[in-house]
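K.L.:
Spelled out, the chains give:
Number of protein chains: 6
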Amino acid sequence: MTRALILGRFQPCHKGHEHVFADAGQRFDELVVVIGSSQESHTLTNPFTASERYEMLHAVLRRRGIEHHVVPVPDIGRNALWVSHVEALVPRFDVLVSNNPLTQQLFAEAGYKVAPSSLFDRKTYSGTNVRKVIMEGGAWEALVPPEVAAVVEQVKGAERIRKLARIAEGFEGAP
Amino acid sequence: MTRALILGRFQPCHKGHEHVFADAGQRFDELVVVIGSSQESHTLTNPFTASERYEMLHAVLRRRGIEHHVVPVPDIGRNALWVSHVEALVPRFDVLVSNNPLTQQLFAEAGYKVAPSSLFDRKTYSGTNVRKVIMEGGAWEALVPPEVAAVVEQVKGAERIRKLARIAEGFEGAP
Amino acid sequence: MTRALILGRFQPCHKGHEHVFADAGQRFDELVVVIGSSQESHTLTNPFTASERYEMLHAVLRRRGIEHHVVPVPDIGRNALWVSHVEALVPRFDVLVSNNPLTQQLFAEAGYKVAPSSLFDRKTYSGTNVRKVIMEGGAWEALVPPEVAAVVEQVKGAERIRKLARIAEGFEGAP
Amino acid sequence: MTRALILGRFQPCHKGHEHVFADAGQRFDELVVVIGSSQESHTLTNPFTASERYEMLHAVLRRRGIEHHVVPVPDIGRNALWVSHVEALVPRFDVLVSNNPLTQQLFAEAGYKVAPSSLFDRKTYSGTNVRKVIMEGGAWEALVPPEVAAVVEQVKGAERIRKLARIAEGFEGAP
Amino acid sequence: MTRALILGRFQPCHKGHEHVFADAGQRFDELVVVIGSSQESHTLTNPFTASERYEMLHAVLRRRGIEHHVVPVPDIGRNALWVSHVEALVPRFDVLVSNNPLTQQLFAEAGYKVAPSSLFDRKTYSGTNVRKVIMEGGAWEALVPPEVAAVVEQVKGAERIRKLARIAEGFEGAP
Amino acid sequence: MTRALILGRFQPCHKGHEHVFADAGQRFDELVVVIGSSQESHTLTNPFTASERYEMLHAVLRRRGIEHHVVPVPDIGRNALWVSHVEALVPRFDVLVSNNPLTQQLFAEAGYKVAPSSLFDRKTYSGTNVRKVIMEGGAWEALVPPEVAAVVEQVKGAERIRKLARIAEGFEGAP
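Chains as they are written, first to last, in the working numbering: chain G, 183 to 357; chain H, 183 to 357; chain F, 183 to 357; chain B, 183 to 357; chain V, 183 to 357; chain Z, 183 to 357.
These are computed hints drawn from the structure, not numbers from a lab. Quick caveat: nothing in here was measured; it's all calculated off a predicted structure. It is possible that some hints are incorrect.
No copy is singled out in the list; a pair is fine if it fits within one copy or between any two copies.
[Said to hold, decoys possible] The calculated lysine-lysine pairs, modelled on PhoX-like cross-linking and capped at a C-alpha distance of 25 Å, are:
#	residue 1	residue 2
1	Lys197	Lys338
2	Lys197	Lys305
3	Lys295	Lys345
4	Lys295	Lys305
5	Lys314	Lys295
6	Lys338	Lys295
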């Protein structure tokens, strides 16, 4: 039984992520999907809570029929400890699936196998672009799996992102 | 679909926990099991990492056929923020299953339903007692589900606890 | 007796803030004024300590004859916990006075009444502009209440800000 | 104008504290009362939030007609930085009022005058004893100022303390 | 060139430590001496700052003619990350010198050689006992190297420890 | 005996730093060199661990024959506490050597002598420029002391910086 580790912030989960999950789900028995920066929410770069991101990821992975473990992991702010930090919080895994060269190196040095993640159109399918399309009132639903659109709507996520954008433009203050 | 929240440190998961899971699994559709104090490990009170506790819990709940979500949650050290902290990290839940009067009160004040957890022999089945029996070289395997015994053996957990006990008795130092 | 909550960083307190206080002081019995980012000081964006900001705010509110509570609140870095964090640290309040759409939403969701703060010329009266005028050696005293000018002079605040600006322009280093 | 600094945890504020305030209020113009361990609440040693303690202190000091500033200060966990930490968060003060020998020394070394606080029966009037009497169902109201009794009743503080005591006796778990 | 790592809190450095240094200094080329819990000071268990402990250790090692690196390391509060934490902060080392069974295991698992530290009378020569003798006004100077006695006297360390003991006995309060 | 304090991040140590050390080493008996932001590593601005920076600094200072103490100091994120934080962690010092106007002011206010550091070509010799030349594949070895070049090569630092640059350009994700 081989478990693959996939890391992301998933702000929000989009079709590029789903593509990576589907491909890795065929190559490996189980996926350990880490919700990175789990402590973040309600900012323009990290609008969704870990709770909301958990719901998105679980629903997509369940529909796909992929055995999975979704685990929120807070930032540690100490890159030298990143691999040890992840190892202590998630179930054991055998291989890292990532195209990030630094992440690949850190996990390889710690003795893990490393596999590339499958490619997709990163310009269209990125958290940054999804949030931008939401801010501009565009057709963001086409960029994400239907389960993600459902969660975003349920928590009024598009409205939240637009409010956050208005703050970023002009206000000074708290929080 | 009703999800029940169950909180514990699971150092380690024992048959009392399994009893609570089995009972709650019959009353509710899905369990959200929080691994509390997820940042702790390698101390006499908290010998196991969140990773190891995740393996224990997942294996027991899967054998039982209970739909479950296991989520590590670090301490926040601010009791007034405890409910908000948990809400932000775990999937949505409907009811708290707990016999802890403070936990009951905090979640009730935040608007959650509260249900008692089923009773068991707390003197025999407690993390404290399991660790004590391990330290004294007793028959600890009888106190935990077989999957937990397997994880403890795989990570040499009994040996680890005995080393920790020797440090507590006589040494001064790090870590 | 109705208490209104007002949040700000007050770096420094300026005449726009005073305008908001005066207006809210007429509509409500007491003001709870939160010094946000209380842990920050000696940076270009946050030059003043919470201690210095406390002195500014207290002096202005006392001259105005407004019943008030000034409370320093550190950042929590977890937006999902912001309302609970404030609630645990400041005296009870009934209504939030703010024009910040996200803050309004978070406190409204937590069950508080929300009232807009009175309008003023935000381009002239903003912490950012006051600090800019100080940096450029302009007539910053006209932008702040006289008690604030007195505190800034007492702690040599203008000199501090200009030093901080020189660091930002060209130096690499500590702190 | 002379300001005196008084430090305490005030779990809860009792008649001994009131005695110290009354005495210091006669000797000095204004009191700066620090709510120490402001981040703590809902534990047996620290049952009340900073918000609740603020209400207690403010009501007592107002009735006494003492000019005061109540300021919550979180623990810093670095004793070597304690004086600098307090200085950065509270309004300027001239003298420390305390009988704690270490606190006296730390503030004296930092250049502050130090004055003893007035004596009272520390065995009867201590936070530890008040909480003990509450736990045992005794006549705790006689040990605290009437405004404190009112806050404790309003937040169901006696019930909270008794629940916390039950947890401490027998349960293992979260939070 | 072989470097040995030695970990301790050194509250204060005593003749048992010096014995270990002398022995390790003969077996290895350079010592990396970690001041653990570097953030602690002014408590009964950790009375001395890292700065003071640095002076003690440097003076003893210099007199002994041992090539050394003294490095303060703060607690991380995550035992699973302890080895990575130390590795990221101190110069490279080849072997751990320790009799602590958990520390031995953690560094061995991370690939380091482990050597025992030389034995001495741990009952007489321990930080706990030195602090106890200081508290009771005994002949503590006989238990520590002369350079340590000099630092303790210069910072009035014995007086500090006795004040801390008086607080521990009877006071409630800050810091 | 006079000890001078020098603060820097040393990402990496370059010939400008060496020039400052050589000059200060002639004016003072010993140097206390603080590795600032010791907790940082593996980012584009802070690519090297404190461990690696320690090796660089120690090797340069030893070749120069300068008595020195290299001490890693983590950020405290509270500028008002910066001087107290440094004082608690490093051996005692008499004078600050720095051209940073804020640092000069903070240490002068705390009672330290302040001396300027010797001048050099800050445009060529800066951490920012060294990292830029590495990224662009230029002749970075000419900008740093030979011992620093050796450490960078040993830890494959140039490769690390180029990987970090690729992430900054295009990727979203962890760590």
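K.L.:
Hint by hint, say whether it matches the structure.
P.N.:
Hint check results:
With identical chains, the CA atoms of Lys197 and Lys338 are at most 25 Å apart within one copy only, with a shortest distance of 20 Å there and 36 Å across copies. When the C-alpha separation of Lys197 and Lys305 is checked against a cutoff of 25 Å, the pair qualifies only within one copy, where the shortest distance is 12 Å, while the shortest distance between copies is 41 Å. For the identical chains of this complex, Lys295 and Lys345 are inter-copy neighbours only, at 19 Å across copies versus 43 Å inside a copy, given an alpha-carbon limit of 25 Å. Neither within a single protomer nor between protomers do Lys295 and Lys305 lie at most 25 Å apart by alpha-carbon distance, with minima of 28 Å and 42 Å respectively.
For the homomeric pair Lys314 and Lys295, neither the shortest alpha-carbon distance inside one copy (35 Å) nor that between copies (31 Å) is at most 25 Å. For a Cα distance limit of 25 Å, the shortest separation of Lys338 from Lys295 across copies, 20 Å, qualifies, whereas the shortest one inside one copy, 40 Å, does not.
Violation of the numbered hints given earlier is confined to hints 4, 5; the remaining hints are satisfied by the structure.
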